[in-house]
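Whole structure, please, built from the sequences with the hints as guidance.
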Amino acid sequence: MNLETIKSELEAAVPGCRLELVANPSPSGQHSLRIDAAHAVAVAVCLRDAPGLRFDLCSNVTGIDWPGKQTTEKVKLRKLVDGTQQEVEELRTTTTPGSLEVVYHLFSIEKKHGPIVLRMSTQDRDANAHLPSLTPVWRSAELQEREIFDLFGVVFDGHPDLRRLLMWDEFVDHPMRRDYVGPDDYEYEPTAHDEVLRRANQHLSEAAAKLPSEAVGNQQSETDGNRLSEGGGR
Amino acid sequence: MITDASPAAQPELEPLSETSEEQLLEIAMGPQHPSTHGVFRMNVVLDGEHVVRLKPVFGYLHRNHEKIAESETYLGSMPYTDRLDYMCPITNNWAYALAVEKLAGIQVPERAEYLRVIVGELTRLQNHACLIGFLMQDMGSSGTPLMYAFREREKILDLFESLTGARMMCNYMRFGGCRVDMPAGWLEQAQNVVREFPRFLDEYENLLVSNEILMERTQGVGVLSKELAINAGMSGPMARASGVNYDIRKVDKYSIYERFAFRVPLGAHGDVYDRYMIRFLEMRESLKILNEAMRDIPAGPIVDPKMRIRGFRPKPGEAYGRIESPKGELGFYLISNGSLNPYRYRVRPPSLINLTVLEDLCIGQNVADVVAILGSVDIVLGEVDR
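Which chain is which? The protein sequence lines are A and B, in order.
Take the first sequence: its letters are residues 1 to 234, numbered as in the numbering used here.
Take the second sequence: its letters are residues 1 to 386, numbered as in the numbering used here.
For the record, the hints were derived by calculation from the structure and aren't laboratory data.
Take these hints with a grain of salt, some might be off.
Under the rule of at most 25 Å between Cα atoms (straight-line distance), these lysine to any residue pairs were calculated in the SDA-like manner [unchecked claim]:
no.: 1; chain 1: B; residue 1: 67; chain 2: A; residue 2: 180
no.: 2; chain 1: B; residue 1: 226; chain 2: A; residue 2: 114
no.: 3; chain 1: B; residue 1: 315; chain 2: A; residue 2: 68
no.: 4; chain 1: B; residue 1: 315; chain 2: A; residue 2: 20
no.: 5; chain 1: A; residue 1: 111; chain 2: B; residue 2: 225
no.: 6; chain 1: B; residue 1: 55; chain 2: A; residue 2: 153
no.: 7; chain 1: A; residue 1: 69; chain 2: A; residue 2: 130
no.: 8; chain 1: A; residue 1: 111; chain 2: B; residue 2: 259
no.: 9; chain 1: B; residue 1: 55; chain 2: A; residue 2: 68
no.: 10; chain 1: B; residue 1: 226; chain 2: A; residue 2: 136
Written out as structure tokens, the structure is:
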């Protein structure tokens, strides 16, 4: 199926939707269609129900993290320096907010065609990481959107049961993000050794260094007492 | 002496209502329950014997396979895909290899395609045989059917061992082909196994298919409608038992599947019995494919000679590759940014997505049927939790 014709059909069926073709340079030739969050559900329903399209199987749903980029460039400015106009070079850093992208792979069981790839992006990676859920359109997105919420931190509005899927409920971070840093204390290690022992000790000394100076004296003995040793506790 | 206690003095008890919340019992099946095929928990709310709610709890085996693969080279993830669905390592290899081949536009030589089909269908045989055995085990026929299946699986694992060097963690596929060619005498050995297999199937079917207890336990239990199966993204035997005519081997015609004559069995009722019968029928079709593939396998190279395996960097782009694995649609979605490791690596796990409807199937059933329904979905926790 040609993506151009699908695009024009969708534009006719859903007035006001903003669609954009995203070319894929890979030999796979799987180009994708970027849809806007406001019309996502209407577009999805049209893709599923329109007699010529009938994409009834939403096979794969996944997230992609695009962290913000920090770019520094030299900018020439005219400024008043000591009362005279001078040309001054300044470093200016610009930060793009980055985004979280969600990708849907659709197939049609009835027409035996596909895949078409839908993409949706959030405005940023923090407070505005909201997207409409397509679970009401395709049930198959239910667990997969929960997984994206869990591992990437996209909040799907309209999802019937948005909870963490793989990590435990008390966990705070999103491990599939590019800037995720693993924890450096290993409380669950019953007898720390080797690399874990080294990192655990480093963590303890870092914690001691953060304390105010007079407290360190009191704290020192305690920290030493806490300091893990090979095979300690046996 | 008899004290006069009039019955009217006692407070009248509330009549027991059948659906009051106090009547409900919430139990956790798993993560240590033997029928959950691994570490999987279902929080089941029961009204007497009947299931009112069921919430699956995932993640006990989560090790963030995708994150690990994103910090690893393309080839470096190949052995790790074995550990997803550890019952069928070779089809996992195949799906990953197929996705990378789509991403980089690699052609696979003829002989390697035949080898892939042969090992892939052998994997399907042993997976389905064992699944039926596990299902019987879950329903209380302790031992015998499962051991029959394991006896056959052993023969197939022996074939894998002499071909790849490992019984389960095969690490067999490479981008653009297979890792090793078959050793001398392997094809005859495999042909023997395939020739003997129908006898085992006949014996197995005689033992089970018309068994009255089995029919009682499975017919009309856990019915999945065709509409829900499609909408909830069911794939593989799970979808076909509900009458969804969708086999990726037929639809995508990946590899060389269009050369083989085989049929796609479909179920009519979508209950546990259909899901289990469909595996019997699929094994018979797999045997047809195997016979043809072993007859026609040509000589030639097993890997594209121009393929550079070390320092492999696909051009920027993305690809989604999928195969019909024994459990369903196993897909890999890869994004390359031109570096040595994938920018995004995603596994589309059929086991997890087939569990979407678990609650719908179990509501209203007896708690003992939950075990049979879960068994008929065919999950492996290595793939569910990744």
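Worksheet item: Taking only the CA atoms, is the gap from residue 67(B) to residue 180(A) under or equal to 25 Å?
Response: Within the cut-off at roughly 10 Å; holds.
Do the alpha carbons of residue 315(B) and residue 20(A) lie within 25 Å of each other, as the hint requires?
-> Distance ~23 Å between residue 315(B) and residue 20(A) Cα, so the pair holds.
Worksheet entry | Straight-line alpha-carbon gap residue 69(A) to residue 130(A), limit 25 Å | Distance of about 20 Å is within 25 Å: holds.
Requested in this report: Below or equal to 25 Å on CA atoms is what counts here, so check residue 226(B) against residue 136(A).
Outcome: Distance of about 17 Å is within 25 Å: holds.
Against the 25 Å threshold, does the CA-CA distance of residue 315(B) and residue 68(A) hold or violate the hint?
Judged against 25 Å, a Cα distance of about 23 Å means the pair holds.
Residue 111(A) paired with residue 225(B) [C-alpha distance capped at 25 Å]
It holds: about 20 Å lies between the C-alpha atoms, which stays within 25 Å.
Satisfaction of hint between residue 153(A) and residue 55(B), Cα-Cα up to 25 Å
holds (22 Å)
Taking only the CA atoms, is the gap from residue 226(B) to residue 114(A) under or equal to 25 Å?
Answer holds: residue 226(B) to residue 114(A) is near 20 Å, not above 25 Å.
For the pair supplied as a hint, residue 111(A) and residue 259(B), is the alpha-carbon distance within the 25 Å limit? This hinted pair holds, its Cα atoms lying about 22 Å apart.
Given hint residue 68(A) paired with residue 55(B) - CA-CA distance at most 25 Å = violated (37 Å)
Violation of the numbered hints given earlier is confined to hint 9; every other hint is satisfied by the structure.
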